[in-house]
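Put together the whole structure using the sequences plus the hints.
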Amino acid sequence: MIDIITNPLALIGRAALRFFYLVGKLISFTCKSVVCCFTPPFYLKQLLKQLVDIGYYSLPVVGLTTLFTGMVLALQSYVGFSRFAAENAIPTVVVLSITRELGPVMAGLMVAGRIGAYIAAEIGTMRVTEQIDALSTLSTNPYRYLIAPRIIAGTLMLPVLVLIGNVIGVFGGFLVSVYKLGFNPANYIFQTWQYLELHDVTSGLVKAAVFGFIIAVMGCFCGFNSKLGAQGVGRATTNAVVSASILIFVFNYLLTGIFFSGR
Amino acid sequence: MATSKSNSSPKIELVNVRKSFDRKTVLSDLSLYVKHQESLVIIGGSGTGKSVTLKCILGLMNIDKGYVKIDGQNCTNLSGKDLDTHQSKFGMLFQGAALFDSLPVWKNVVFKLIQSGKLTSKQAKEKAIELLAVVGLAPDVYKLYPAELSGGMQKRVGLARAIAAKPEIIFFDEPTTGLDPIMADVINELIAKCVKEVGATALSITHDMTSVRKIADRVAMLYEGKIIWTGYVEDMEDSGNPYVEQFINGRADGPIKMGTV
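Keeping their order, the protein sequence lines are chains A and B. Residue numbering for the first sequence follows my numbering, beginning at 1 and increasing consecutively. Residue numbering for the second sequence follows my numbering, beginning at 1 and increasing consecutively.
Please keep in mind that the hints were generated in silico from the structure rather than gathered at the bench. Just so we're clear, the structure is a prediction, and the values are computed from it rather than from any experiment. Idealized CB from N, CA, C, for every residue including glycine. Hints may contain errors.
[Stated by the list, open to error] Here are some chain A residues the structure puts well away from chain B; computed CB gaps all over 12 Å: (1) Thr6; (2) Val61; (3) Leu138; (4) Val242.
[Stated by the list, open to error] What follows is a list of derived Cβ distance ranges for each label pair: (5) A/Val23 to B/Lys226: 32 to 38 Å; (6) A/Leu44 to B/Lys143: 46 to 52 Å; (7) B/Asn77 to A/Lys227: 48 to 54 Å; (8) A/Leu75 to B/Ser150: 54 to 60 Å; (9) B/Ser9 to A/Leu11: 38 to 44 Å.
[What the hints assert, rightly or not] Chain A side only, calculated, beta carbon under 10 Å to chain B, not exhaustive: (10) Leu64; (11) Asp133; (12) Ser136.
If you want it as structure tokens, here you go:
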């Protein structure tokens, strides 16, 4: 507190140094982890377990989120578009919004909350109970055994979740449009397909892969560097979810800029 | 334990090791050696750097200055495959046992053997039951998970895991902390027996003087990041060192002040 008054520059300097130290540490951690993803030994049982934990068990959360997102989107679009008689555009708006933006982002945020926290808490507890040190003394590299399977599973499973979520989200819009707003079902499906391009779907899936990578890396990084017992694990969990969520928004903007520039 | 007083070359040697965290120096010019198949116990108050010493030898922490040698070879601040090879020589019993929560007891015990691909699943299970018997646990314990075991049982499983691959060097980090006196004695007996059977070099850290008297060939006292006394366990009572005398007798008055250690 006294520092803020007597020497504010020192305080800013310390904060900046701390920030750059953390960024450097994160980059080093990520590089080390990525190398371990592509070099043997591979722990296939660990990978399979993570594929199930991250993919299969996240499906209800992602499905429900995208279902209601699609339903709300149809309702909100109808309110706006009916003012200038453009209700026919609703199927196209729903499918493009879901596949390009809302599917990957909503699924990313939900998985960040569910899986990012789970990974950070699990690895953080292993850190404070010396289980990670124990792995090293048992000739097992913790990066290969713990980190690499989670990163591979996160990167592979989020696009699968988003693909399923996209279908469910579009179906949510269909349900509301047909049963509440009185759309013709065949016409709705025709409109949905008419303006959808492969690029809309693939760009969303690439985003999902990047978000999955971010969620797994931040969960592992925060857990791996967890300190100070239960309090430290709690902080690591919070940091993992918050940092992954913020990075998802940042990378969503950057990737959108890359995919849609000049289109 | 068999007390070896021969002048053989050290199995583990630390030369002027320095380790700091931010501005706090934990180890300052620490020098220490452990002979082949000898059991050395490091004693000292909380926060004097005993656990840090073990982690520096294991390569879990890098040191700022000095050397760590194993069998005369410089093993300071290794990385990559060199570090993996270095760490394969060690077994360790952690303070809280550090068993893997997600694995049953038998997979914990033979973890290293399974990972090295030396055993099939059936052979690994049989080996685990055999090792559990060595540390006095019933065969049916093999299928339990660590959370279902008492503290003493977890320590025994940790000990079985530490000796499973017959390491050259075994570390014991506060092996009897948190155990009742009878269970502590059982663990001490097991440590002495297992180290002798495996033929390993043992380095332990503890506050428990009963444990020291039971498992040590030699004792070293760590104070303010330095070894201030070393000697054979039978010479400890007559060390003539006021720090050692205060510590082993557990007196509040003396040169060691609470808050300074």
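Hints versus structure:
1. Thr6: The claim holds: A/Thr6 sits with its nearest Cβ about 20 Å from chain B, beyond 12 Å.
2. Val61: holds, 22 Å
3. Leu138: At roughly 4 Å from the nearest Cβ of chain B, A/Leu138 sits no farther out than 12 Å, so the non-interface label is violated.
4. Val242: holds, 25 Å
5. A/Val23 to B/Lys226: 32 to 38 Å: Since the Cβ atoms of A/Val23 and B/Lys226 sit about 37 Å apart, the hinted range of 32 to 38 Å holds.
6. A/Leu44 to B/Lys143: 46 to 52 Å: Roughly 23 Å apart at Cβ, these two residues miss the hinted range, so it is violated.
7. B/Asn77 to A/Lys227: 48 to 54 Å: violated, 22 Å
8. A/Leu75 to B/Ser150: 54 to 60 Å: At 58 Å between Cβs, range holds.
9. B/Ser9 to A/Leu11: 38 to 44 Å: violated, 53 Å
10. Leu64: Since the shortest Cβ distance to chain B is 28 Å, the answer is violated.
11. Asp133: holds, 6 Å
12. Ser136: holds, 6 Å
When held up to the earlier numbered hints, the structure conflicts with 3, 6, 7, 9 and 10 and fits the remainder.
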